[in-house]
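There are 2 protein chains.
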Amino acid sequence: MASFFRLTSSLRGLTRPNVTNRVSVRSLASATGTKKAAVAAQVQYEEPNEPGPFFEQEPAGPRVATAIPGPRSKDAISDLNRVFDTRSLNMLTNYKQSYGNYIADLDGNVLLDVYAQIASIPIGYNNPALQDVARSDDMISAIINRPALGNFPQADWSDILETGILKVAPRGLNQVFTAMAGSDANETAYKAAFMWKRQQERGGPDAEFTQDEMKSAMNNLAPGAPNYSIMAFKTGFHGRLFGSLSTTRSKPIHKLDIPAFDWPQCSFPMLKYPLHEHQAENAAEEKRCLEEAEHIIKNYHNPVAAIVIEPIQSEGGDNHATPAFFQGLREITQRNNVLMIVDEVQTGVGATGKFWAHDHWNLSTPPDMVTFSKKAQTAGYYFGNAALRPNKPYRQFNTWMGDPARAILFRAIINEIERLNLVENTAVTGDYLFGGLEQLQQQYPEQFKNLRGKKQGTFIAWDHPQRDQFLLRGKSMGINIGGSGASAVRLRPMLIFQKHHADILLDRLSKMAADMQ
Amino acid sequence: MASFFRLTSSLRGLTRPNVTNRVSVRSLASATGTKKAAVAAQVQYEEPNEPGPFFEQEPAGPRVATAIPGPRSKDAISDLNRVFDTRSLNMLTNYKQSYGNYIADLDGNVLLDVYAQIASIPIGYNNPALQDVARSDDMISAIINRPALGNFPQADWSDILETGILKVAPRGLNQVFTAMAGSDANETAYKAAFMWKRQQERGGPDAEFTQDEMKSAMNNLAPGAPNYSIMAFKTGFHGRLFGSLSTTRSKPIHKLDIPAFDWPQCSFPMLKYPLHEHQAENAAEEKRCLEEAEHIIKNYHNPVAAIVIEPIQSEGGDNHATPAFFQGLREITQRNNVLMIVDEVQTGVGATGKFWAHDHWNLSTPPDMVTFSKKAQTAGYYFGNAALRPNKPYRQFNTWMGDPARAILFRAIINEIERLNLVENTAVTGDYLFGGLEQLQQQYPEQFKNLRGKKQGTFIAWDHPQRDQFLLRGKSMGINIGGSGASAVRLRPMLIFQKHHADILLDRLSKMAADMQ
Chain U
1 MASFFRLTSS LRGLTRPNVT NRVSVRSLAS ATGTKKAAVA AQVQYEEPNE PGPFFEQEPA
61 GPRVATAIPG PRSKDAISDL NRVFDTRSLN MLTNYKQSYG NYIADLDGNV LLDVYAQIAS
121 IPIGYNNPAL QDVARSDDMI SAIINRPALG NFPQADWSDI LETGILKVAP RGLNQVFTAM
181 AGSDANETAY KAAFMWKRQQ ERGGPDAEFT QDEMKSAMNN LAPGAPNYSI MAFKTGFHGR
241 LFGSLSTTRS KPIHKLDIPA FDWPQCSFPM LKYPLHEHQA ENAAEEKRCL EEAEHIIKNY
301 HNPVAAIVIE PIQSEGGDNH ATPAFFQGLR EITQRNNVLM IVDEVQTGVG ATGKFWAHDH
361 WNLSTPPDMV TFSKKAQTAG YYFGNAALRP NKPYRQFNTW MGDPARAILF RAIINEIERL
421 NLVENTAVTG DYLFGGLEQL QQQYPEQFKN LRGKKQGTFI AWDHPQRDQF LLRGKSMGIN
481 IGGSGASAVR LRPMLIFQKH HADILLDRLS KMAADMQ
Chain W
1 MASFFRLTSS LRGLTRPNVT NRVSVRSLAS ATGTKKAAVA AQVQYEEPNE PGPFFEQEPA
61 GPRVATAIPG PRSKDAISDL NRVFDTRSLN MLTNYKQSYG NYIADLDGNV LLDVYAQIAS
121 IPIGYNNPAL QDVARSDDMI SAIINRPALG NFPQADWSDI LETGILKVAP RGLNQVFTAM
181 AGSDANETAY KAAFMWKRQQ ERGGPDAEFT QDEMKSAMNN LAPGAPNYSI MAFKTGFHGR
241 LFGSLSTTRS KPIHKLDIPA FDWPQCSFPM LKYPLHEHQA ENAAEEKRCL EEAEHIIKNY
301 HNPVAAIVIE PIQSEGGDNH ATPAFFQGLR EITQRNNVLM IVDEVQTGVG ATGKFWAHDH
361 WNLSTPPDMV TFSKKAQTAG YYFGNAALRP NKPYRQFNTW MGDPARAILF RAIINEIERL
421 NLVENTAVTG DYLFGGLEQL QQQYPEQFKN LRGKKQGTFI AWDHPQRDQF LLRGKSMGIN
481 IGGSGASAVR LRPMLIFQKH HADILLDRLS KMAADMQ
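For the record, the sequence lines run as chains U and W. Residues 1 to 517 (the UniProt record's numbering) make up the first sequence, in order. Residues 1 to 517 (the UniProt record's numbering) make up the second sequence, in order.
Some hints could be false.
No copy is singled out in the list; a pair is fine if it fits within one copy or between any two copies.
[Said to hold, decoys possible] Below 27 Å or equal to it, Euclidean Cα-Cα: the simulated DSS-like pairs (lysine-lysine) are: (1) K197 / K475; (2) K197 / K298; (3) K392 / K234; (4) K251 / K197; (5) K234 / K272; (6) K455 / K272; (7) K251 / K287; (8) K455 / K298; (9) K215 / K454; (10) K215 / K475.
Derived from the structure by calculation, the hints contain no laboratory data.
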């Protein structure tokens, strides 16, 4: 542990925050249904808090009271199994006892959570600022008076968008179409791309549909329902509904038995880590993939309307590419008149140390569309080009078209991210954490292979030869970690993950590696 | 109007409710952000309330203060248009001033709402019972601690399901897979059907995938991604994502430019109304469609895994079929070993005078899956057969897998439906309303053509030769109505729509028809 504490003291940027930098705890007691004292009594403080935690009442460390699942959890899981598929269950969770970075179960176990509901909790369990917003009249109205947004938007919808979702719109993109989750965010973006492409070919927004198009569309046939495609990348993940699954290429279990569109896939660069030590061969690999991408776009038998790509392939194993690769892709899409859709469902909202992961690329032209979900707690796609708004109403439409309640929550999340400077925190903490992991890698090279995510905030991963066992062992050591791809351990802490959490994580990882040596 | 009042007094079943049958108003003032007096002052009571309204404070009638949109709405719409597509906007809504069956705008207009957010508001705007639930600790936790349900379900998830969603499960279906909205509810049901079909062919749940299947699935090709299909019905609507849109056959504008699967469509019976006056020819038409359905199922080049059908085709124009038709379909699906998915997204949760519209059919075997959304305020599919649970985990999975917050809300909706006997209310009020419409039809046969929905609760429609003008005129007369298909006026009131609301509606419809005569 000593080495980590040395790193702590030498780290710049995150000094002791003053009181206004802390999350207020005034609302905690009532929301957890317990008094403060009861919460405090339940958690064993293993060591004193470091100065300056965002969550004042957060446990100082994990507590493992029983095997996981413990006896109470086992009973409850068996009960749940009667009505719900529990085979993918990881941990039956007591959310009311979870707080900040810590997730609790029914047996008194409290784990440091660096998986965060598959990368979707942004600023901590039972965040008091979010509790206040959840109690507000605006939220209550949004919950119980859910509008059909396209027809009957609420009077303050423009305000909710402008002070929330659109406030953090990626550079160059000033419009949004709201959705429910990552899959339909991507699929509505794909629909916008197909409409844009066909409209161009038809002669612009004023060109009318032909009788043949209208008739064939009703029969699911071209030209009305064109055999056009979205090009995706091997080992990418974009969701699980029929269109999004046709672009998902993560694992067979995600795709087996489900009909798919005949859409193309391009190789994603398989880079060697650490990236800076393999620059020449990585550049050659990226060049190969770029050439393949352009070849597919020019030649695929089902014309490509758009490409979709993740800044870091997440479910597929935390595969990185360099800014040069994405710059090259942007040039190729522009040269060939296809759209570039960046899927920021997992990378967006601060996790990589910038608000959007594609901010790392310094593109000369922004992507055409950027999709989001997860940590936004709402979903949709951003766009800028007015030609991406369909030429007629009711072409991009559904009953709910998103959810104002969740848009209001995202606004509150954004406010907290800004107030506490959490993107910067994630960048700084990520660098610190990465430094610690590099030391572990030196000590246990086989257990921390292909460490990746340097200068990408806390969006960090490595390969472990016995990954699933490693993750299980994590639970018994008090940390909740997820995997991705075949062998990656992926870290997806929240944006309130701080140096003192990194120290605990590094300490436990070190012990786990020693045990498994 | 006299005739309607006569009907009122002769109607059985809905007598003056006692105080416990009323919706409590204690929470209204704070949720609307105004005091009761202010609300009351804003609404002009045109006539005294009938005895026994569920919402004590509900306006006694609509109030039209300005043209719609009025000056304030126009300004706000122009503001909204900068960031949101307002071409499909119907009415910019002031939800905080909406109450019960009445929807308000920014200009002081208060309309009787028989469209109800495209049939999705179940028990009234600002329902006090729902306000209480929205304020509860459980709801607040669900809003701010949204789980990845498949991995980290909350400890009370089985309780939320069993006392909510599953409490109203259709007969014979005791399991649910939760989703976000109608489209993904249908698509996940389709996925379950494809997995079931291929598993059967593979030799059951223990048969392993072949290498060829795993490899071809990753390439979007058969056999891993099989060219199988879902059979849908002409003029049906099942959603707008790629799989659901491939089964939607409502209008070209819903489908144009979007790639679709080569899946079959069967004729839906085009019946003559009133049904009881055309029994012989309607039976012949249904027989023709049943024969076509079986022919497609036996012969379509992309094998049919399931059929999907709405009990009443809603978006497609309120097209009805008889119980005999659906019984016939059930027999055909069983005989040919394909699944029957009933899409109750719009018909479900009480609107037809039974909790599920397919309860009208008296099927000898329940449907295999029933999908729901809209008035449930959450979504998913019910199933009963254990073989519909995929044989391995992570085959039917996504990050959020629904939303406990919305499941808690549905539970509260169910409780209110039971407490106030709202399904029965809808059946009785629907019969009353239908009787009034039959009188209007006698008076204005051209403006109330093909009146349909008898004994289907308030799920009533008719054709009007100038439908869009008729709907617009409705707004100026203080009623908010929607259309469906090419020429149908569809009524989709909430479950708290009562006789005195029906009287107002009938009065306004009568005046509109007289004006347009």
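Results for each hint:
no.	hint	verdict
1	K197 / K475	neither (49 Å within a copy, 38 Å between copies)
2	K197 / K298	within (15 Å within a copy, 37 Å between copies)
3	K392 / K234	between (35 Å within a copy, 23 Å between copies)
4	K251 / K197	between (30 Å within a copy, 21 Å between copies)
5	K234 / K272	within (17 Å within a copy, 53 Å between copies)
6	K455 / K272	within (16 Å within a copy, 68 Å between copies)
7	K251 / K287	within (25 Å within a copy, 45 Å between copies)
8	K455 / K298	neither (35 Å within a copy, 58 Å between copies)
9	K215 / K454	neither (53 Å within a copy, 33 Å between copies)
10	K215 / K475	neither (57 Å within a copy, 34 Å between copies)
In the structure shown, a violation is registered for the earlier hints numbered 1, 8, 9 and 10, in ascending order.
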